[in-house]
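Chains A and B, in that order, give the protein sequences.
If you use this note's numbering, the first sequence corresponds to residues 1 to 384, in order.
If you use this note's numbering, the second sequence corresponds to residues 1 to 384, in order.
Warning: the hint list may mix true and false statements.
One copy or any two copies: either way a pair holds, since identical chains are not told apart in the list.
Claimed, not checked - Calculated pairs, DMTMM-like style, for lysine to aspartate or glutamate (alpha carbon to alpha carbon, straight line, at most 20 Å): (1) K233 to D279; (2) K233 to D286; (3) K28 to D164.
What the hints contain is simulated information worked out from the structure, not anything from laboratory work.
2 protein chains.
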Amino acid sequence: MTRTITILGATGSVGASTIDLIRRERDKWRVMALTANCQAAELAELAKELNAEVAVVADESCLPALRSHLSGSQTLAAGGAGALNEAASRPADITIAAIVGCAGLAPTMAAIEQGKTIALANKEALVSAGEVMTAAVSKYGTTLLPVDSEHNAIFQCLAGNSYDHVRSITLTASGGPFRDWTLEQLAAATPAQAVKHPNWDMGAKISVDSATMFNKGLELIEAHHLFPVGLDKLRIVVHPQSVIHSMVEYRDGSTLAQLGPSDMRVPIASCLAWPSRMDTPCAPLDLAALGELTFRAPDEDRFPATRLCRLAAEAGGAAPAVLNAGNEIAVAAFLAGHLPFTRISVMVEELLGRYAPAAPVALDDVIAIDAEARGRARQLLELV
Amino acid sequence: MTRTITILGATGSVGASTIDLIRRERDKWRVMALTANCQAAELAELAKELNAEVAVVADESCLPALRSHLSGSQTLAAGGAGALNEAASRPADITIAAIVGCAGLAPTMAAIEQGKTIALANKEALVSAGEVMTAAVSKYGTTLLPVDSEHNAIFQCLAGNSYDHVRSITLTASGGPFRDWTLEQLAAATPAQAVKHPNWDMGAKISVDSATMFNKGLELIEAHHLFPVGLDKLRIVVHPQSVIHSMVEYRDGSTLAQLGPSDMRVPIASCLAWPSRMDTPCAPLDLAALGELTFRAPDEDRFPATRLCRLAAEAGGAAPAVLNAGNEIAVAAFLAGHLPFTRISVMVEELLGRYAPAAPVALDDVIAIDAEARGRARQLLELV
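Take the sequences, apply the hints, and build the full model.
Okay, here's the thing in structure tokens:
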């Protein structure tokens with residue numbers, strides 16, 4: 001049986017992993033839309049290879065290049081925000097929502113409104129749009145599958161079980177490259193040091209989030225929306241080897257955990273084949289070769305991000321969107337050398353204290369709050 | 001909704017854990033039959049407390065004592081093998097099959113023939129009767145739930161998944177009290193040393209099985225019958241902390257593991273409530289407090305039992321029953337001081353080489369093979 005698929009963010013790392021899996025069972029998939037920000041040549045290559053119906057660049061200025069690369073092919077070229085949303089609304093059995101940051105919000109919502117299956121890799125969308133997005137999922141009867149390795153692990157561990165029986169959900173955290181650093185060392189941490197993640201090969205922004213543990217905090221907010229068991233049942237444990245991706249403990253004392261390699265193809269394959277399973281080329285788990293798995297409690301004195309994220313999730317409404325926007329601006333400032341590492345969370349906390357708009361009820365509200373929060377975060381930066 | 005339950009082996013450790021759970025939700029259960037070997041006073045107390053319909057002692061000589069302890073109560077007293085089988089055939093929504101050793105074979109088969117749910121804690125029954133038992137389960141449409149912590153873990157990790165998608169199943173083994181001993185030390189191991197199990201509080205026979213790793217080998221044979229994915233997909237890893245109870249790896253590279261305390265109430269609760277969950281008083285898992293989980297490959301030079309069990313499972317037919325009978329006789333001889341620890345597996349291997357009867361097709365065949373194997377094992381002992 002052939003299934004149709006759209007990949008929002010086809011040239012990013014989740015897009016590449018998805019396409020790697022599709023290539024392995026090429027006859028099972030028909031590709032509807034592939035999108036990118038502006039990587040016209042790369043996107044055109046993929047679209048031609050996979051015989052996509054439409055290829056879209058979000059940045060309209062890149063459309064002429066895309067057209068030229070696609071000339072003579074069957075694939076329709078399009079560009080701009082409207083075209084991106086239109087592509088996301090084309091019927092597809094499964095949509096991989098993998099556009100990074102708030103740019104992915106609108107197309108992800110458009111895909112959700114199809115009422116089919118969304119494999120969600122866009123963390124910021126769920127953090128910022130929270131209730132707006134989960135309400136749409138519920139309204140349109142959409143199946144939301146989490147791609148993030150932690151949330152995918154939880155999803156697998158919950159299979160067949162009721163939320164009523166969950167005693168706790170524990171997200172594992174690598175602890176990032178600075179997990180053993182003192183506060184003094186953290187204050188002097190450089191961007192080059194922060195982007196070296198021990199277990200996963202990631203972009204700069206998410207690497208800094210891993211170093212501050214904002215990444216884990218944002219995942220906590222995501223988990224709060226995806227698995228409504230109550231914030232008090234969501235835990236974090238530091239597990240440097242990142243072999244256990246997350247866990248669910250049940251009322252009878254059973255804990256189910258999902259383990260695997262640090263390879264995004266595993267959770268993506270789980271989404272693509274769900275509720276079945278498909279092959280991946282990932283090496284088998286060899287615990288005897290690994291020897292040991294270690295665990296420790298998170299230290300919120302050195303890494304206050306998870307505490308801030310929990311507070312934002314508790315506050316609900318606009319707070320997570322404000323927190324996320326503030327963090328994005330602060331991380332960019334850190335990467336540009338304008339903000340010390342330890343000031344990232346300080347700045348986010350200040351922003352949360354100063355800007356507390358009403359809860360968003362629609363996507364436009366979320367986008368407006370995000371823009372306003374970014375502006376105010378930039379103003380705070382000037383005060384540093 | 002009230003459910004009916006029968007506990008075969010009510011005065012043993014699995015029986016006690018089951019009754020502890022029933023007491024916690026007394027209004028949900030109606031107790032049909034409770035059985036014991038000869039613990040008349042204890043059995044009568046339980047039967048009166050739980051208002052059981054019938055109480056049975058397998059040893060008929062204990063029936064007068066049971067009658068006297070039950071006089072004036074509503075519970076019917078009965079004794080002997082026939083009464084045991086009759087009790088096991090009384091309709092019950094769930095039967096806990098927890099009689100230790102081959103004595104549990106016939107009543108477990110009688111319970112299976114009801115076509116309801118059996119929570120199987122009798123390892124030897126499945127090892128010895130193997131195909132005879134699984135054929136009956138299939139014929140009568142019985143639901144077989146494994147109580148053993150490892151198999152219950154695997155059962156939970158398989159929920160909702162097809163055997164076709166399983167890449168491997170890994171049983172964890174504590175490695176027993178001698179896991180770090182040299183061959184020379186093992187040759188001089190005493191019964192007192194062998195019965196001190198590091199993680200579980202168990203009887204003498206099963207403690208010795210843990211020390212030789214026959215316990216894990218027998219579990220491998222059990223797993224082979226319970227989860228027919230093929231012997232080549234069944235693995236063992238030594239995990240001294242016994243926190244991960246077992247694992248299932250899928251074709252996509254996801255491994256699901258079940259973790260929990262070393263408390264039999266967890267897997268028993270899982271069986272009692274399946275496919276739902278019930279509360280137990282077991283403490284939450286605290287991996288940060290545990291700090292580390294370690295793993296290593298089994299050493300079959302020092303502990304050849306798992307290799308022998310795998311060979312017996314591969315041979316199939318009567319071989320597992322012969323192996324199990326030989327091991328029971330050898331362990332008894334070791335506990336009595338008549339056989340060195342390292343000769344247990346040597347004797348079992350010799351017996352397997354000398355006695356290879358035709359595959360059993362019915363329960364009587366299994367019982368005859370078991371008896372003959374025990375006789376031959378005793379003869380081998382005289383040669384030692």
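Hints versus structure:
no. : hint         : verdict
1   : K233 to D279 : between (33 Å within a copy, 16 Å between copies)
2   : K233 to D286 : between (31 Å within a copy, 14 Å between copies)
3   : K28 to D164  : between (37 Å within a copy, 19 Å between copies)
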